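K.L.:
Please construct the entire structure, taking both the sequences and the accompanying hints into account.
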Amino acid sequence: MRSRDGSNTLLCRPCTLIFFLVLTLLGSDEYLISYRYVVKDAVLYNENFLLSKAMRKCSGTPQKEITIFNDKHLSLKKLLSDTSGEFIFYLHKLGLDVEHRVIQNNMQNSDTTILTLHTTCFKVDFNEDFVILTPLR
Amino acid sequence: MKNSFFLTALLLSSLAFATDSVESTEIIDMPEATAPTASNVVKNDPLLQENFNIHLSVIGQGVAPMNTTSPAQAFALAKRAAIADGYRLIAEKIKGVKVEGQDTIKNMMVKRSIVRTYVHAMVQNANIVETNFKDGLCEVEMEVTLSYADLAR
Numbered sequence: 011m012r013s014r015d016g017s018n019t020l021l022c023r024p025c026t027l028i029f030f031l032v033l034t035l036l037g038s039d040e041y042l043i044s045y046r047y048v049v050k051d052a053v054l055y056n057e058n059f060l061l062s063k064a065m066r067k068c069s070g071t072p073q074k075e076i077t078i079f080n081d082k083h084l085s086l087k088k089l090l091s092d093t094s095g096e097f098i099f100y101l102h103k104l105g106l107d108v109e110h111r112v113i114q115n116n117m118q119n120s121d122t123t124i125l126t127l128h129t130t131c132f133k134v135d136f137n138e139d140f141v142i143l144t145p146l147r
Numbered sequence: 019m020k021n022s023f024f025l026t027a028l029l030l031s032s033l034a035f036a037t038d039s040v041e042s043t044e045i046i047d048m049p050e051a052t053a054p055t056a057s058n059v060v061k062n063d064p065l066l067q068e069n070f071n072i073h074l075s076v077i078g079q080g081v082a083p084m085n086t087t088s089p090a091q092a093f094a095l096a097k098r099a100a101i102a103d104g105y106r107l108i109a110e111k112i113k114g115v116k117v118e119g120q121d122t123i124k125n126m127m128v129k130r131s132i133v134r135t136y137v138h139a140m141v142q143n144a145n146i147v148e149t150n151f152k153d154g155l156c157e158v159e160m161e162v163t164l165s166y167a168d169l170a171r
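If you read the sequences in order, they're chains P and Z. Note that the numbering used here has the first sequence beginning at 11, numbered continuously upward. Note that the numbering used here has the second sequence beginning at 19, numbered continuously upward.
In the EDC-like style, the derived pairs of lysine to aspartate or glutamate whose C-alpha atoms are separated by at most 20 Å in a straight line are:
hint, chain 1, residue 1, chain 2, residue 2
1, Z, Lys116, P, Glu109
2, P, Lys50, Z, Glu157
3, Z, Lys113, P, Glu109
4, Z, Lys111, P, Asp107
5, P, Lys103, Z, Glu161
6, Z, Lys111, Z, Asp168
7, Z, Lys152, P, Asp51
8, P, Lys88, P, Glu40
9, Z, Lys116, P, Asp121
10, P, Lys103, Z, Glu148
11, P, Lys50, Z, Glu110
12, Z, Lys111, P, Asp121
13, P, Lys103, Z, Glu157
14, Z, Lys113, P, Asp121
15, P, Lys103, Z, Glu110
16, Z, Lys111, P, Glu109
17, P, Lys103, Z, Glu159
18, P, Lys103, Z, Asp168
19, Z, Lys113, Z, Glu68
Just so you know, the hints here were simulated from the structure itself, not pulled from any lab data. Since the model is a prediction, treat every value here as computed from it, not as a measurement.
P.N.:
See the structure below:
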């Protein structure tokens, strides 16, 4: 059987379909993640975790990745929210910017510590039961 | 006449005493201050050298807020604060602290005294070794290993 233009066989069509399907499955999404928390006088004051899908291609060298199990097939936002402890511990290992200032006014101390993960692009690979997040720096 | 004689005697005796005290003073030959050399510098901070690692260990402290809903939440928040304190201590040890002070003195009295300290650093690969939570205070022992190869990269 020949295709409408008569030059290619129909066999090419399933191949093309499979090729694009595999490409879609293997293709990973890129997300931008930032994290920041403020500790004031030894008490946690404010915490911010921001996640957004990257709107343009990220560049950078892949760093040490993290694998998170996702047997319930949750979205990335929900998954990171559920496993926030594990993921935030990983972010600490990745490296945070530390800013600390103390003001002693008439012998009374007041200190503020800010830990920040500046906006970092993560390559996210969704698999059957797990998700691999690889930071690009 | 009697008074002037008395004053002269007093003056002579004081001069004699002064001469005695000068004679009894020993003159010690003080050595000149020498410039610090490699041998006489006190080794305070270890220097990172090739093929050597520096191991830093700190204990960060954090307190749980008053308005927590459960002990677990209190622990989680106190631990987060303790980790931040640990990171701050590591940054202080590695990079140092900028200190700025200002005192206002009026009529020989301190009116206002301000001391500002500031640290800014990037800390990577710090490990939590041990965590203790007791009476609302969380203590986190953290360590980091500095290697020459890591810094040279």
